[in-house]
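**Q** In case you want the letters, here they are:
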Amino acid sequence: MSMQLGSYTFAQPPGSCTQPLKKRRCNEIETLGGVAFFSWGAFVEGQKIEIKWRWMATTMFDAVYALLVADAQVVWDPETGDTYNVEITGFTGDYHLSAYAAAENKKNVILKLTIMSQV
Amino acid sequence: MSITLNATLKTAQDGISHRPIVKITSSPAESAIPYRGNNFNTGSYIEENRDLIVTSTGRLANLYVRGENLYLYYTDTARTQWQAPVQIADLVDEILSASLCELANNDLGVILITDNYDLKYMIISQVGAVVTAPTNIQTGISWLGAPSVITLANNTYLLVYSQGTGVAPDQTKDYYLYSRTSSNFTSWSAASALTLTGLSLNNYKNNPDLLQITSGRTFLHFDYMSDYQNQVELNNIYYMTSDDNGSSWSTPVAVTSYTAIGTRGRQPTAAEQSGGDITIAYQEENAAMYLNDDLDGYPGDRCFEGNALQYDETTKTLVHASVSCGVLNTFDNIARIDCTDNSYVKYWNGSTSPATLPTPTAMLRSQHPYYVFVSGGDYVMVLDVESDSWTKYALCCAKGVTHAVGDCNCVTGNCGQYGWDSYGQIHAFVRTVGGQDRLYIAKADGYTYAHFLFGYIDLAKTPDPITGEYTWHEVHYGSGYELGWLPNHGFGGGTLSDFFWIPEISRFCVCSYSGNNYGNYGDLGVALFNDAGDIQNAYVYDTNSGMPHGGVSEAIYMNGSIWFIFDYDSNYPDRRGLGRINLANDTITYHEANWFSCSTENCGFGDLTDMGDGERILLHSAKSGCDKGGVVIFNTVDFGWTVFNNTTMPGMLAKDSNPACGMNCDAWTAINVGLGYDSVTKTICAVYDKGFTCDGTSHGVIAFSEYGAYSTLKYTTITTPDGTPTYGSPTDLSYYDFEYNPALAVDGDGYLWLTWDHMDTLTENDLMWANSADDMELQDYLDINKNLVVEWGLQQFNKLDFALSHGHLFDPLNFSSLWSVYLKMGRILTLEIGEEVSDTDYYQDQGKFVVKETSLVYGLSYPGIRVKAEDLWTLWEDARIVASEYFSGETPKTVIENLLVDHAGMAGADYSIPTFSGSHDLYHQFLDITLAEAVQLVLDHFGYYPFMNVDGKFEPRQIDFTDSVDHTYAGAEIIEYTPDSSYATFINRVIVTGMSNLFTEVLYEEESVTRTNGTVGHWGGSKDRTVWYAEDRQRTCRNPRLEIIMSVSEFQIWGIKGGGSEQISSTDPDEHYVIITIEIPDLTGILIATMAALVALGVACSYCDGYFTGWCGYCINAAMILCNLIMYILGAAANYNYNIWARPIGHERMTFEAIAEDVDFQQQLNGKIIPETIDDPFCYTMESCRNVADFELSVVMAQRRRLKFKKTGHLMDEMGDVLRISHPYSGETIDTYVTNLKRILKFGDNAAMIDEIEGWRLV
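Chains as they are written, first to last, in this note's numbering: chain A, 2 to 120; chain B, 136 to 1394.
Keep in mind that the hints are not guaranteed to be accurate.
Think about it this way: if two alpha-carbon atoms lie no more than 16 Å apart in a straight line, the pair counts; the simulated EDC-like pairs of lysine to aspartate or glutamate are [unchecked claim]: (1) Lys-23/A <-> Asp-936/B; (2) Lys-1341/B <-> Glu-31/A; (3) Lys-1303/B <-> Glu-1292/B; (4) Lys-596/B <-> Asp-519/B; (5) Lys-49/A <-> Glu-88/A; (6) Lys-24/A <-> Glu-1292/B; (7) Lys-1003/B <-> Asp-936/B; (8) Lys-817/B <-> Glu-750/B; (9) Lys-24/A <-> Glu-46/A.
It should be emphasised that the hints constitute simulated quantities derived from the structure, not laboratory data.
Produce the entire structure from the sequences given, and follow the hints as far as they go.
**A** Structure follows, in structure tokens:
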């Protein structure tokens, strides 16, 4: 099994990926005589995910890019046992210009997701 | 007084580790049902609703016909927004009707019927893309009604439609309900007629509605024409059920039971609720509405007889008079109806408070909020419905004579030869001049020589507290002979029949009338006066032979003409109907009824009423000829008639036992006050009384519309649908009266959705939607990057400020959004803040707020929405009180409660007014003031402040500097502390002035009040001169003194002062005048004696010797002396000139002034005094003024001890609490009276709940 985004199963595993952990919305207030702590709870919603590849085949790049252009919410399965509804907020990469790989590959590819909810 | 929290919540709040939670609920200010509805769009189309479903994906899909084409509105699957409508069918033929269902592949199947009666199907996607174009199922049918198609549980499709051998409602043809089935929506079974046992084959059935419920039972509702008379249908709703997917059906059973032509039920639609019951809705049509004894809340012991009415379109107020309730022409009551929902508001009669005493005998032309009545010839009475007060003006007094009738207040003035009360010919109306509301009264009297006067009383004025008299401003007074127009036979030969002001030409119009019952004099008719009271024109038979011989009974001005009515006189057969005086050329013309012949009878009209469009006049027709009776509209431009009666508008009088007998027979004395018109709903309301002299017992007010029959959506619940279905009593589903074609659906959340179309104008129907989701919780959409702030303050509204995501959906002007209703101005937001403790949420109410402002920006950034709301007090800022009732000796608690009920529409549960500390009775009327200002005035006087508590209840609280400490903070909670003198002033003296509520007689300084002069002569003797202190004989003075400028003691004869004297011999017991007695020598005796001597001399000298030197010479000398003597006596005269000094008597209220001093601060300022003066309308005594002064000074001093601090939030704290903290540096205890509290909730990484406190340090 590989990581999936929408209907596309990643052909190459990413080099790195933000772990979709819940984030606690909290803060402490320092007072004249002590401290008070406030927490609205821990949420995975709104978490920003960055998935990176050092290089990527153009076919895969185009498939992921098509998901971004489709401008729709998709399901992201990071293979952790949980799946998430996400918005694709960014997808960038550079041409991999070398004598060997020509322009068929991309390098420094970054996919940015925002978790909208847990499925 | 702090808030008592739930114990668990308090423990959590007292701790230092918090798990805050918040809830914001948006609710409508009123119950969602009956629905007012939301527009789908703002286009000017004719949109007719057809069908609504909820698809399996969650979308709403609504089918409707616009123009001749078929359109689809649909939502996203979360049902947040209607997408732009999609035209799904544009055929050569007009599409009459359609129905839709969801197919197995999630596409939508549509059945449609065209105007050449083709039955077709088509398939579209859920977003309106055409999959299969319209395709014929069957053609060549004589008539088709509406279809209904559903998807059955077995994934087949069932279609039912109405069909006839001719066009409905032709009762010579046959009508059926047919069903067809399909497994794929493209091929359909042959049509099969349903067995409709008990229903006539020749009466058509239509508008079938299919619904299969969870149990598998299928319901079919439809409407059936059970009767047809005069081209009017009687329709009722029926239902049938099938337990085999439509193969067989139960016997039809009636759901509704309309039995009278004019009322019917049609267009059923049903949806299954989440609990298994069924909601059914349909449109109920009424040709007319009736306001009568059956009005909700109308007291059972009162009648609603339909005798006189006046309608105010701006406020939708109808005031109605009832007479002849059991006894002919006997007054029963005046009632007020709110025509926004035809609800009864209040009635008045002799037993109510205020009472209609004396008893009204006629209703006259009025101007909201003033409604004018007369009682005999003695009283004019004005009902102010806004302030719920009756004012009686007694016309019982002759000039200068104090009133003598009852407990009334008297109008005095130039009452003419006979005084006010000689004959009861009175007319009155209200006119506003330069912002002054005036009651104009006209009065006529006399048998042989008419006297006529009119003038006005300022309605804002109160009577003189001592005399009880109002000030009368006379505009015109004269007699018939003087004027040359008024009846030489006097008004006793006729009546003063109408009196009103014509603003277009700035004239008063006065009408006189005898009809043909009292003899015709030829000098009765119409006269026009200018604003100064000068006659400008007169139109009577004697000078204009075109006029009716007996005068004019009612008149109205429109389009340059006076339009008038009168009774038919057989001596002048060419004059009947509606008359017209063309003011441009003084010609008289007549317009007869054209819908019946009245060649030998009365064609009379009544109740001339201006319809407000500058063109049309509304009349009761043939009021004494019942078979011609009804309501007519006359167009003054094209002279056309429009008739409304049971013939032209069948069913209009459906509730009448004898509808052919017209409408109005027992007319009370009601001039122009029997009809009303609303231009928005084009509703005509007419009194309708046939209780005595006509056949029938119907009575009340009948209302009908030029638009046609009223159509209201009704709904009810069907329980036990799986057994024997039980239909509940129907209630209103729609708010307005022109609602059509309902379609119901229930979504996956259990909310009921309704779409329908609403008649906006005769040429536009708007598509509408509504749902049962009254409330919406907003907290899930809070923008965590913005704070939520709630503020409370002593002299401000409670305020709520927050921001939400999804601004594009909450945008109140985004009509496509289904969420746009939740933040509309006026929605109620309920705020709760709490803590989560051990996975349990504990909330504390923080108040109710009215949405006042929303803002969002559509740009490149995400469209969040900012919401500002204020407590209910904000509504009172705009609620203007023109005139409250006069509070005479009421407690402040009662005064405020009355103000809230009368002017804010609050119920007892909405407020909790305490018994005020230091309470005393108030005597006051609030005039031209907002409700907020009025309440604040009272609160300020007693040292209270307005407060909406956390439950949204109005609960004024006292500013008490002696309150005990509510909450102590040891220091761990304090974030910041600072003294704050930003509100402090240097005021160190407070002066409060007041005035007694009682009048006291006072004597002013002596002054020259009047002068008198004259001449006295040989006739002399003792003469009394009555000298009034003022020309109007009203002024009173005391201790008169005579200053003699020229005295009669200067009287001389033969150069010798003859003596004489003058003195004040007596004074008026009522102190209006003095009598001066002038004494001079009386020479009358000497004159007579001298003249006698002259005569005797003449006799004695008649035979004198004829010589001047003889006896005759002596005679001549003696005669000359005597003649000189006579001439002296006759020429003897004395002038007098007196100045009368006296002390005028007045009645004034005693004034008070109390001063409170801040001596310490004055000394700190080196003795400088900085005063503030307060004029308090409720300080009636010195003690009261002193209390206010002391309190106000204490507030001024407290402002110099103001401080503010910031601490971690605690839900126990609220405004008015006393909080104890320690000084951050010295540790000194500081008790603070909280005047302002701002609670700030921060989310995200800045999570916090902070209370910012401002207050006064207590010492």
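**Q** Which numbered hints are broken by the structure, listed smallest first?
**A** Of the numbered hints, 1, 6 do not hold.
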